[in-house]
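Q: Listed here are the chains, written in short residue letters.
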Amino acid sequence: MERLVQTLVDAVSVGSLYALTALGIGLIFGVMRLINFAHGELITFAAYTLLALFGLPVPLMLFGAIAVAVALALVTERAAFRPLRNADPTTLLISSFAVSFFLQKLLILVVGSRLKGLDFLPALGRQIELLGIRLQLLQIATILVSAILLVALTWFLRATRLGLQMRAAAEDFRMARVLGVRANRVIAMAFALSGILAAAVSCLIVVQTGVVQPRMGLQLVVIAFVGTVIGGLGSLTGAALGGFLVGATSILLQALLPPDLRVFREAFVFVAVALVLLFRPQGLIPARGLKERI
Amino acid sequence: MSARLPLLEVSGLVVRYGAVTAVRGVDLQVGEGEIVSIVGPNGAGKTSLISAVAGIVPPAAGSIGFAGKSLAGIALEDVVARGLALVPEGRHIFASLTVMENLMLGATVRRDADGVRADIDRLFAMFPILGERRRQPAGQLSGGEQQQLAIARALLSRPRLLMLDEPSLGLAPTVVAQVYALLKSVREQGVTILLIEQNAERVFGLSDHVHVMSGGEFGLSGSAAEIKNDLRFDAAYFGVHMRQPASGQ
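Protein sequence lines, in the order shown, are assigned to chains D and C. Take the first sequence: its letters are residues -11 to 282, numbered as in our numbering. Take the second sequence: its letters are residues 22 to 270, numbered as in our numbering.
Same shape as in the complex, but just chain D (with noise of 0.2 angstroms):
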C-alpha cells in the first residue's frame, strides 16, 4: 500500500513538472504558432541564476530566477521572433531551435559544460509522513506549487482583461487586433508568462537532481513539447494535460515494468504517444477554432 500512493505521489509529481513546461510552451503556441525550443534555455538559464546566486537569503534566489528568466523570454521575443511575426510556423521553428542553440552554447562558453553541483533548499529532500505513509517533502512541495500555478494561471486567463485577450488571440489573432486588442502586449504577456513558468520548473529541478549543466532545459522540453503534442497543440488544458499524462505515465512504467524491461521506460512512453496520435491526430483535447493569425 505504501509503496503503491509513493508511486502515485512520484507519478504525479513528475507529471505536474512536465505539466507545467509543456504550458510554457503552449502559451506561446497559442498567441504565436511558434513552438519555443528555446524555452528550455529558460529553464537552464534560471538555473544557473540560482548558482550565482547561491548563498543568498533563498527569496532572493527564486526572484533572481525568476526575474532572469522572465527578461530572457522578453529578449529573444523582442530579438529573434517579434521580426518574424509573420513568418510560416517553419521558419518560426527554425529560428527557436536556433535561439535555443545560441544561448546554450553562450552558457558553454562562459560557464563551461561540466555538471554543476548545487545543493537548493535540501530541507526538501526530508521525508515526511503523512497518514502513516512516508513521502518525500519534494514531492509534496512540487505538486504543490504546480497546483498553486495552475490556479493563478487560470485565474488570470479567466478573469482579467489581458487574460480574455490572451484567450481571443489565441483562438483568432487577427480578429482580436481588429477589436483593438494589441498584438505586442499579448504576445509579450505570453513570453513573461512562459519565463514565470520555467522558473518555477527551475527550481523544482534543481532541487530534485542537485545539479546543473547547460543541457538540463532542452532535454525537458523535448518530452514536455510531445506532451503538448498529445493533449492538442494550441490548446492550454490539453498541454497540461499531455505534459502530465507524459511525464506520470515513465514514472508509472518504471514503477510497474519487469526490472529488465525497464531501460526501454522511454520506448514504451513514445509507443503509447504514437497510439494516442493515431487514433486522436488532432490531440486528447484539440484547440477549437484555430484560425490563420497576423
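Quick caveat, the hints were computed from the structure, so don't treat them as lab data. Small disclaimer: the values here were computed from a predicted structure and weren't measured. Ideal Cβ positions, reconstructed from N, Cα and C, are used throughout, including at glycine. Please note: incorrect hints may appear among the correct ones.
Said to hold, decoys possible - A short list of chain D residues far from chain C (calculated; beta carbon distances all over 10 angstroms):
| hint | residue |
| --- | --- |
| 1 | Leu39 |
| 2 | Phe89 |
| 3 | Lys93 |
| 4 | Trp143 |
| 5 | Val210 |
| 6 | Leu240 |
| 7 | Ala262 |
Said to hold, decoys possible - Across the chosen pairs, the derived CB separations fall in these ranges:
| hint | chain 1 | residue 1 | chain 2 | residue 2 | range |
| --- | --- | --- | --- | --- | --- |
| 8 | C | Lys205 | D | Ala140 | 42 to 50 angstroms |
| 9 | D | Glu254 | C | Ala193 | 53 to 61 angstroms |
| 10 | D | Arg149 | C | Asp251 | 45 to 53 angstroms |
| 11 | C | Ser244 | D | Ala75 | 42 to 50 angstroms |
| 12 | D | Thr225 | C | Gln199 | 32 to 40 angstroms |
| 13 | D | Arg149 | C | Ser163 | 25 to 33 angstroms |
| 14 | C | Gly94 | D | Trp143 | 36 to 44 angstroms |
Add chain C to chain D, keeping to what the hints say.
A: Below, chain C alone, put in the same frame as chain D:
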C-alpha cells in the same frame, strides 16, 4: 452628392495581392449618418476594399481619410479606437469564448467600465437571445445568433462607422430580414453604416447610396432608388461594360 459631412473619404484606392490587383482606384464617400452599400459578385473586390479601410490589408495606392484624418500607417489594432468597427465576412466570433466574453472583447478600446456594462444591458434588450445565452460558448449559437453577436460586439466599441461584410451570408431568409431590421435600428441610433452584399435586392430598401462593384471598380453609383431602376445595373454588376474579350488568355 450628400450635403452631410463625409465621415469616410476614400480616394484612388488600389489594393494588390502580389501581381493581382483587387481594387483599381476606387473613390468612396460615406456621409455621417448614412447607410452606403457596395454590391457586386464574388471576386469583385468588395472585401479587399473594406479590408483596406479597416487596416487589415495595406493599400498599394490612394488615401483613406476618416473624420478628417488620414488612416495611413495606422496599426490594425488602432483603427477601432478611431471609431471604425468591422463585422467581417464569416463573423469571426470567438467560438470557445462565452457570448459575454465576446462582447467584452468588443469593448477592448474602452476604459469606462460602467458605460460598457450599461451598453451591454442595452444590447441585451436589443438582442434578447444574446442575453439569454450570455454564459454559453459562442460556438454553440446558430448562424443568425452569431451574426447578431458579431454586430453587437462591433457596436460595443461605440463606433462612428460600422462596416459589415456580407452579414446575410449563409443565413436563412427570415434571419436575414431580422439582421436587416437590426441594422435599421442601429442607424437610427446615429451610427453610420458601410455595407457589403452580393445580394443587391437586400440593400435597396435600407441604403442611401449604392455602389455597384465589379472587377475592382465601381461600375455604377447613385442613390438606392436610382440604382434600382437603372437599366445598366445588370451590366455593371456582371462587369459587362468593361469586359472586352481578353486577348491572349
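Q: Which of the stated hints cannot be reconciled with the structure, identified by number in ascending sequence?
A: Failing hints: none at all.
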